[in-house]
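Now for the letters of each chain:
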Amino acid sequence: MSDESKPMKMQMAITGRGGQGVLFLTKILTECALELGEEVIASEIHGMAMRGGSVISTLKVGNFRGPLIRGGQADLMLVLDEGSMEAFTYLLSKKGTLLLNAETSRSYPCIDATGLAAGMGSPLMANLVLLGFALRHKKLFCDYPLVKSVTERGSPPRFKEENVKALDLGFLYDGEKKPR
Amino acid sequence: MKRILLGNEAIARGLLESGCSFLASYPGTPASEILSSFVEMAKAEKSRAIGEWSINEKVAFETALTVSYTGGRAAVSMKQVGLNVACDPLMSSAYTGVKGGFLVIPADDPGPHSSQTEQDSRMMAMMAKIPVLDPSTPQEAKEMIHLAYQISEDHEIPVMLRPTTRICHARQGVECREIPPLSPPGGFSREPNRWAATPKYRYLLHLALNKKLKTIREKYGRDLFCKVLGGKKARQCIISSGVALGHAYDILQELNLEDQVALYQVKMPYPLDAGVLLDQIEPYEEVLVIEETYPVIEMQFAMRGRIKGRMDGSVPNQGELVPDVMVETIQAFARIPIEKKPVPADKMRRPTLCPGCPHRSAFFAIRKAFPKGIYPSDIGCYTLGLNLGAVDTCLCMGGAISQAAGFYQAYRMQGEVPPIIATIGDSTFYHAGIPALVNAVHTGAKFVLLILDNSTTAMTGDQPTPGLAVLADGRPGKAVLMEDLIKGSGVEYLKVIDPYQLEETIATVKEADRSARSENGGVSVIIARHPCLMSPGVMKKQKTFRMEVTEDCVGCQVCVKDFECPAITLDEASDKAKIDPHLCSGCGVCVDVCPTGAIRKC
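Chains as they are written, first to last, in this note's numbering: chain A, 1 to 180; chain B, 1 to 602.
Within a straight-line C-alpha distance of at most 20 Å, the following computed SDA-like cross-link-like pairs (lysine to any residue) qualify:
{"no.": "1", "chain 1": "A", "residue 1": "K27", "chain 2": "A", "residue 2": "D168"}
{"no.": "2", "chain 1": "B", "residue 1": "K2", "chain 2": "A", "residue 2": "G37"}
{"no.": "3", "chain 1": "A", "residue 1": "K165", "chain 2": "A", "residue 2": "G175"}
{"no.": "4", "chain 1": "A", "residue 1": "K6", "chain 2": "B", "residue 2": "Q253"}
{"no.": "5", "chain 1": "A", "residue 1": "K95", "chain 2": "B", "residue 2": "P342"}
{"no.": "6", "chain 1": "A", "residue 1": "K27", "chain 2": "B", "residue 2": "E175"}
{"no.": "7", "chain 1": "A", "residue 1": "K27", "chain 2": "B", "residue 2": "K2"}
{"no.": "8", "chain 1": "B", "residue 1": "K578", "chain 2": "A", "residue 2": "A102"}
{"no.": "9", "chain 1": "B", "residue 1": "K578", "chain 2": "A", "residue 2": "E82"}
{"no.": "10", "chain 1": "B", "residue 1": "K227", "chain 2": "B", "residue 2": "D259"}
{"no.": "11", "chain 1": "B", "residue 1": "K2", "chain 2": "A", "residue 2": "L146"}
{"no.": "12", "chain 1": "B", "residue 1": "K2", "chain 2": "A", "residue 2": "V150"}
{"no.": "13", "chain 1": "A", "residue 1": "K27", "chain 2": "B", "residue 2": "M41"}
{"no.": "14", "chain 1": "B", "residue 1": "K340", "chain 2": "A", "residue 2": "G96"}
{"no.": "15", "chain 1": "B", "residue 1": "K487", "chain 2": "B", "residue 2": "G444"}
{"no.": "16", "chain 1": "B", "residue 1": "K601", "chain 2": "B", "residue 2": "F545"}
{"no.": "17", "chain 1": "B", "residue 1": "K341", "chain 2": "B", "residue 2": "N256"}
Derived by calculation from the structure, the hints in this document are not laboratory data.
Let the hints inform the model, and build the full structure from the sequences given.
What follows is the structure in structure tokens.
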């Protein structure tokens with residue numbers, strides 16, 4: 001992505017349990033791509049799977065026409081629920097990054113997003129904590145100021161301040177241990 | 001201006017931009033957000049366009065079609081199996097034709113992700129003899145609506161737009177136009193030979209329909225078949241449509257095959273101008289047709305010759321065409337080695353009823369009352385009663401009641417009828433349960449019907465039912481009470497209970513079965529009424545408790561396995577139940593579920 005002469009191309013996946021805010025993150029990231037003037041197409045899961053089952057969104061930035069990702073092609077995966085992770089790790093490319101919401105992990109960089117979000121009184125904001133963590137790792141096609149402004153715009157007024165706070169918890173997180 | 005829109009939002013926007021005055025629908029994944037977005041966008045633009053949640057798809061179709069009879073532009077949307085319910089008016093309306101532009105928008109679900117079948121609605125368009133457009137992205141879906149209305153109005157014919165899950169639930173930057181001021185329908189012109197045609201005139205209407213199709217094929221067939229990729233060296237080509245086209249485009253580029261294999265898009269799979277297609281694909285030695293989910297384009301080639309596709313097994317005949325499946329098909333076609341690819345682990349969390357879901361306690365009570373019963377059920381969140389072992393059948397909307405009657409008739413011949421406890425949701429009861437109930441009462445069937453009334457269409461995202469005094473756009477409507485309908489159907493035994501009261505629910509199910517079996521018994525109906533906790537405001541009004549597991553827990557797992565609450569798990573270290581306070585809704589029902597009294601409110 002650092003090579004400015006090449007056109008932007010990035011494929012990513014976001015997974016978790018229904019109700020954890022996978023769709024909200026997908027929405028924010030597609031809006032960010034639009035702001036950057038990039039082509040973007042994403043795929044979401046609605047319906048029965050959302051009742052506590054594993055859900056996945058895929059998002060492709062650049063010259064793509066189909067919204068889905070083949071196995072081994074995802075540059076980045078954000079995993080909100082460790083229990084839903086294994087079903088989808090086949091998507092991750094060999095050079096790809098997986099960022100995980102968990103207290104500890106042997107294999108992947110992780111952050112206790114649910115715990116941190118619960119600490120500020122709203123465990124449902126773990127999604128934004130993890131998004132902040134991805135920005136901290138500089139693994140997204142967009143940067144912190146853009147995500148922050150899009151998050152503010154996309155939040156209902158009563159959640160605006162809290163949402164940015166959650167994003168910051170991940171972005172400013174300094175407790176990361178290296179995966180063993 | 002470009003806006004990020006969900007496919008369904010793009011369709012709603014396209015309808016409003018094209019001057020659609022009336023949209024009717026019944027909720028169903030993946031189509032639900034078309035109507036809700038239409039209503040929201042119309043409100044935001046202060047448009048007079050009306051969106052209606054109808055009682056079922058047949059009623060939705062007939063109502064919207066009639067707006068078109070009066071000259072207004074109209075549309076009906078539903079999930080693909082919903083079109084089965086509306087099949088009767090669909091077939092007939094192709095013959096009568098329309099006045100104002102009329103679009104039929106069934107959303108197909110290859111996979112299937114959230115449906116009973118993978119059926120292909122384009123086949124229904126063929127059977128009805130109406131044109132169908134097959135969009136490959138949300139942007140294209142919106143553009144196609146403008147074209148579809150033009151075809152519909154120019155030729156006085158219903159036109160189908162067939163999106164699939166991956167269009168409906170894709171999100172993309174979509175170019176938006178102004179929404180023009182609405183011109184209301186002009187009015188009805190009597191024309192009995194058409195609108196009320198007898199069989200003699202139906203023949204003439206069929207003749208006229210065939211002429212319309214021929215004209216449409218000749219006028220649009222060439223323009224709606226276009227080259228998307230392909231160099232001059234290509235000896236092979238792929239013909240595709242819908243989202244499969246998008247996947248083919250990405251795969252050909254990723255494999256650097258774009259010089260070797262050309263890619264063409266069919267935007268209107270029916271009526272297909274096969275002559276035009278055969279001319280254009282003349283230079284290619286081999287042709288592969290990739291489409292979802294049935295071989296609709298493929299079947300229209302009269303001579304197969306070098307054509308490959310589903311019909312010769314080159315493309316799988318079931319399952320969604322996800323890129324991982326398509327890449328193998330394309331590699332085999334291009335005669336390049338099939339790469340080994342990572343295989344998905346079968347480790348998905350299965351969907352479950354939410355913590356605090358009133359259906360869970362109702363199903364638990366049914367199992368407690370009659371562990372050896374037969375449990376016909378129906379379509380909705382409560383199909384997940386499967387996890388509690390309290391759902392034996394799930395056929396189609398309203399099927400639970402007719403199937404309960406069918407079980408009764410079958411066992412009556414044997415002499416001994418087991419307890420039959422049918423379950424159906426409130427929205428499904430209104431949709432297709434009423435005729436089935438009237439029929440069961442009339443024919444003397446004896447069983448227990450438990451209506452799971454959570455006062456919403458929950459599975460599809462909280463759409464109002466006819467039992468509520470509110471319409472799709474928030475205006476007041478008249479609530480039609482199910483108690484009145486049930487009594488009016490001739491049911492003698494009717495009780496209303498709150499399924500959170502577990503003991504009372506178990507006792508009522510037993511009593512209802514006794515009543516059904518009594519000399520003058522028939523269908524005993526229990527309404528298990530408790531609002532869905534996902535509906536706005538419900539959690540705030542409900543009394544909630546902080547729950548704890550005491551030392552008395554013996555690790556029997558009744559709460560984990562039989563009650564299957566997602567908030568309760570077995571703590572392996574202590575071999576006792578553990579309640580996750582983040583997931584727990586605090587409903588307190590588990591207190592009555594625990595056989596050792598080890599769960600309490602603190």
